[in-house]
Amino acid sequence: MKFVDEYRDSATAKKLLKAIDKVTTQPWNIMEVCGGQTHSIIKHGIDQLIPSAINLIHGPGCPVCVTPLQAIDKALEIAKQANIIFCSFGDMLRVPGSEQDLLALKAQGADIRVVYSPLDALKLAQQNTDKQVVFFAVGFETTAPTVALAVYQAKRQQINNFSALVSHVRVPPVMQQLLSSKDNKVQGFLGAGHVCTIMGYHEYLPIAAQYHIPIVITGFEPVDILQGLYLCIKQLEQGKSEVENQYSRVVNQQGNQPAQQLLKQVFKVVDQNWRGLGEIPQSGLALSDEYAQWNAEQRFLVATIKTQEPKNCRSGEVLQGLLKPEGCAEFAKSCTPEHPLGATMVSSEGACAAYYHYRSHHV
Amino acid sequence: MCLAVPGKIITISGEDPLSRMGHIDFSGIKKEISLAYLPEAEINNYVIVHAGFAISIIDEDEARESLKAFQQLDQFEDEL
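Quick note, the sequences are listed as chains U and F, same order. Taking the numbering used here, the leading residue of the first sequence gets 214, the next gets one more, and so forth. Taking the numbering used here, the leading residue of the second sequence gets 6, the next gets one more, and so forth.
In case anyone wonders, no lab produced these hints; they're calculated from the structure. Take these hints with a grain of salt, some might be off.
Stated by the list, open to error - Not the full set, but computed from the structure, chain U residues with beta-carbon under 7 Å of chain F:
#: 1; residue: Trp241
#: 2; residue: Gly249
#: 3; residue: Pro471
Even glycine gets a Cβ: it sits at the ideal position worked out from N, Cα and C.
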């Protein structure tokens, strides 16, 4: 495939590995904040190919993993009700709520459907006017605009049997939270390429300056990640802390302006609870007051549901880079993708699931 | 979840900018994709697609430049 194969070329990867080897003179901790990158790193064994001095920390870059238990419980409560078609991206179905997951509820007869796009859910609402259609809106800034347009069109076309259960999260505030922590080990970041496709990278300039940390906006193919690492390590070795753009074929500094405008119109920035990390100020998006009528929380009276996170899962430490998945006593024992204790084992983009699938611990 | 894949715009339908759709070829698999966020997108553009939406036109000059840079890596190494 054009624009994919070139970035999976092993000869280029080998050249980059050699360049990384040459430029690295001391240990560095580098975090990627995107589950797609985590998946690619583990799948291709990038963390095992680079010098052992480079420690890759898999950050909170999987929106499925950081969606709070409370949001799952609200989803279950809505999906349980009569006359509902509950729509979700596929990877949310197996995330455990307090008592069960959406897949189990579907097996019991609830009308829960996996959709590719929020626009598919909107279409279902137009085709099923006697039903309420709810879309479970999770994801980072990459995904939020797709929900924004669905809700905008619902208002414009008065599709009143459509609503969204929103639990969107923003990347820059969690990076700041991690960097402010006294336990912080992160010395450089690979920036999330597709989040920046929408948002641009101007938001990262003050973070790089304030915390003296290089941030390299990076793509997802092995060659992209190796080049992102090379650029990041080179900056660290030279004592620089700049925002660089490895993924320039897709990302520019301003980002996608029409998407940002609609985000601003449909959503407001709110404090948000992250699974495993707790509440982070200004790190979430909720429907703005103008679109409150399409807010599923209010329509189905689930706004007051409050749930405590379980104590036996250490995903919070994994997400902060304080623990590698295999360092957890439950990993691949009581916690597996079939029976996950926490969300980092559920989604294929979660660090624990990626280690489980691509490393041989479980065999 | 932020997975997005490149595809080529084959045809475009619709007038209203927010309802404009592109028929997009992902190496043989074709799908209708919203072009709401790429009002400037044209037929034959390669775009990055996420959750039913084209979110960026691939800058072919930038792609060519970066590939050229990879080819010259040996030279870079000598400068290190």
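Against the structure, the hints:
{"no.": "1", "hint": "Trp241", "verdict": "violated, 16 Å"}
{"no.": "2", "hint": "Gly249", "verdict": "holds, 5 Å"}
{"no.": "3", "hint": "Pro471", "verdict": "holds, 5 Å"}
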